[in-house]
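Sequences are here, hints too, so could you generate the full structure?
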Amino acid sequence: MKNSQSHFPCEQCGSDLLYSPEHQSLECDHCGFKNEIPVSFEPIREYDFREALQDLERLRSSGQLSQVGVIKCPSCAAQFELKENEHAGNCPFCSTPVIKGTEQSRHIRPRSLLPFSITHDQAINVFDNWMKTRWFAPSALNSHAKRNDKLTGVYLPYWTYDSDTQTQYQGQRGTVYYERQSYMARVDGRSVRRTRNVARVRWSPKSGRVRRHFDDVLIGASKTLPRTIIDNLAPWDLGKLVPYSEAYLSGFRSEIYQITVDEGFLRAQQIMDYTIRQDIRRDIGGDQQRISHASTDHDRTTYKHLLLPIWSAAFKYRGKTYRYVINGRTGKVHGERPFSFIKIAAAATLAASMAGGGAYVIDQNGGFDNIQFGSPSSYYDYQTTQPTFQGF
Numbered sequence: 001m002k003n004s005q006s007h008f009p010c011e012q013c014g015s016d017l018l019y020s021p022e023h024q025s026l027e028c029d030h031c032g033f034k035n036e037i038p039v040s041f042e043p044i045r046e047y048d049f050r051e052a053l054q055d056l057e058r059l060r061s062s063g064q065l066s067q068v069g070v071i072k073c074p075s076c077a078a079q080f081e082l083k084e085n086e087h088a089g090n091c092p093f094c095s096t097p098v099i100k101g102t103e104q105s106r107h108i109r110p111r112s113l114l115p116f117s118i119t120h121d122q123a124i125n126v127f128d129n130w131m132k133t134r135w136f137a138p139s140a141l142n143s144h145a146k147r148n149d150k151l152t153g154v155y156l157p158y159w160t161y162d163s164d165t166q167t168q169y170q171g172q173r174g175t176v177y178y179e180r181q182s183y184m185a186r187v188d189g190r191s192v193r194r195t196r197n198v199a200r201v202r203w204s205p206k207s208g209r210v211r212r213h214f215d216d217v218l219i220g221a222s223k224t225l226p227r228t229i230i231d232n233l234a235p236w237d238l239g240k241l242v243p244y245s246e247a248y249l250s251g252f253r254s255e256i257y258q259i260t261v262d263e264g265f266l267r268a269q270q271i272m273d274y275t276i277r278q279d280i281r282r283d284i285g286g287d288q289q290r291i292s293h294a295s296t297d298h299d300r301t302t303y304k305h306l307l308l309p310i311w312s313a314a315f316k317y318r319g320k321t322y323r324y325v326i327n328g329r330t331g332k333v334h335g336e337r338p339f340s341f342i343k344i345a346a347a348a349t350l351a352a353s354m355a356g357g358g359a360y361v362i363d364q365n366g367g368f369d370n371i372q373f374g375s376p377s378s379y380y381d382y383q384t385t386q387p388t389f390q391g392f
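Residue 216 in the working numbering sits at position 216 of the sequence shown, and the numbers go up by one each step.
No lab work stands behind these hints: they were computed from the structure. Predicted, not measured: the structure shown is a model, and the values here were computed from it. Among these hints, one or two may not hold up.
To be verified - Computed cross-link-like contacts, DSS-like style, restricted to lysine-lysine with a CA-CA straight-line distance of at most 25 angstroms:
hint	residue 1	residue 2
1	K332	K150
2	K34	K206
3	K132	K332
4	K332	K316
5	K240	K34
6	K320	K223
7	K150	K240
8	K332	K320
9	K316	K150
10	K223	K150
11	K332	K223
12	K320	K150
13	K223	K316
14	K132	K320
15	K150	K132
As the list claims (entries may be wrong) - Per label pair, the in silico range of CB-to-CB distance:
hint	residue 1	residue 2	range
16	R227	R277	16 to 24 angstroms
17	D297	E51	17 to 25 angstroms
18	R212	V176	23 to 31 angstroms
19	D237	R196	20 to 28 angstroms
20	Q24	R277	48 to 56 angstroms
21	N197	R277	25 to 33 angstroms
22	H293	A199	50 to 58 angstroms
23	N129	A185	52 to 60 angstroms
24	T175	Q258	47 to 55 angstroms
25	D279	N197	28 to 36 angstroms
26	P38	K316	37 to 45 angstroms
The beta-carbon is built from N, C-alpha and C at its ideal position, and this holds for glycine as well.
So this is what it looks like as structure tokens:
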């Protein structure tokens with residue numbers, strides 16, 4: 001089955017209506033006509049994860065996966081949809097020219113999304129302000145990066161997962177206690193016997209069970225952007241998701257998921273496991289904890305497939321491509337940029353000179369006159385000024 005983005009013709013002039021993040025409506029760039037998007041009161045549904053796996057396996061084995069016309073970038077491997085009448089363009093992630101002509105299997109369609117609320121002009125201002133705070137970027141970078149016509153609105157695919165977990169564990173609880181220990185120290189050239197408290201740990205076996213409900217564990221379903229960029233776009237206001245409507249996509253591009261629902265859950269489990277281990281450590285108690293075994297059962301696991309908005313662009317500087325993205329809801333920006341080693345070296349030199357100047361002022365005021373460097377007595381005298389633990 002072929003999937004193509006719908007068109008919304010203007011009632012007055014016939015031109016395409018495009019979604020306006022500023023007014024949250026469809027607008028005509030040609031004559032200014034506005035068409036409100038009907039508000040949907042349909043609840044945002046969660047879908048059974050195990051049923052999805054069974055359906056996916058059945059469709060894979062029978063060759064019935066839906067076929068979606070997509071463009072695949074030969075440079076960064078991004079896969080995204082173009083409008084029905086578009087056959088070429090630039091990749092929104094790396095600016096490489098691409099041509100339509102491939103198809104990608106897709107079974108699960110997005111059922112909800114967050115519409116853009118940051119406009120194109122606002123995204124440009126956000127990027128300009130971000131560039132101004134890149135202190136160690138080359139001075140000529142701004143002129144290279146100002147490619148505002150390349151700033152593209154893209155909906156990225158995501159999964160969310162809910163799950164009730166129950167984890168059986170075995171481990172050890174560590175209780176810290178102290179022992180008095182004698183040792184020999186050199187004081188004024190003489191050997192002197194001293195005592196100190198040494199921490200020890202007493203371990204005892206501990207086992208038990210912890211439970212945790214996870215809600216909306218968010219996993220990016222794109223392999224196009226580095227995880228560091230995608231993860232740094234959070235947080236997302238998932239409480240304001242709306243039912244999927246192609247009206248919100250008019251004038252924007254959407255990427256096809258490259259991480260399947262089962263692969264996404266494996267990544268979600270890693271995030272859940274970290275929280276579960278923290279729960280286990282709290283349940284073990286004591287001063288220190290060891291976890292030797294943990295087995296987690298997942299129940300009532302559900303998922304959502306949704307689209308989240310970003311403004312994306314790329315610029316080239318000295319032969320290398322740098323990408324940046326802007327959260328289409330909050331304006332949070334994260335990206336790659338080159339460094340000017342000349343500026344870094346100059347800053348290091350300035351910092352060293354300021355530190356040296358401060359030391360000179362201290363020295364001129366006699367601040368170094370009474371300092372002993374590295375002598376055993378000076379170290380020991382400092383140690384003996386600390387309160388001594390007397391035991392429990």
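Against the structure shown, which of the earlier numbered hints fail to hold, in ascending order? 2, 7, 19, 20, 22
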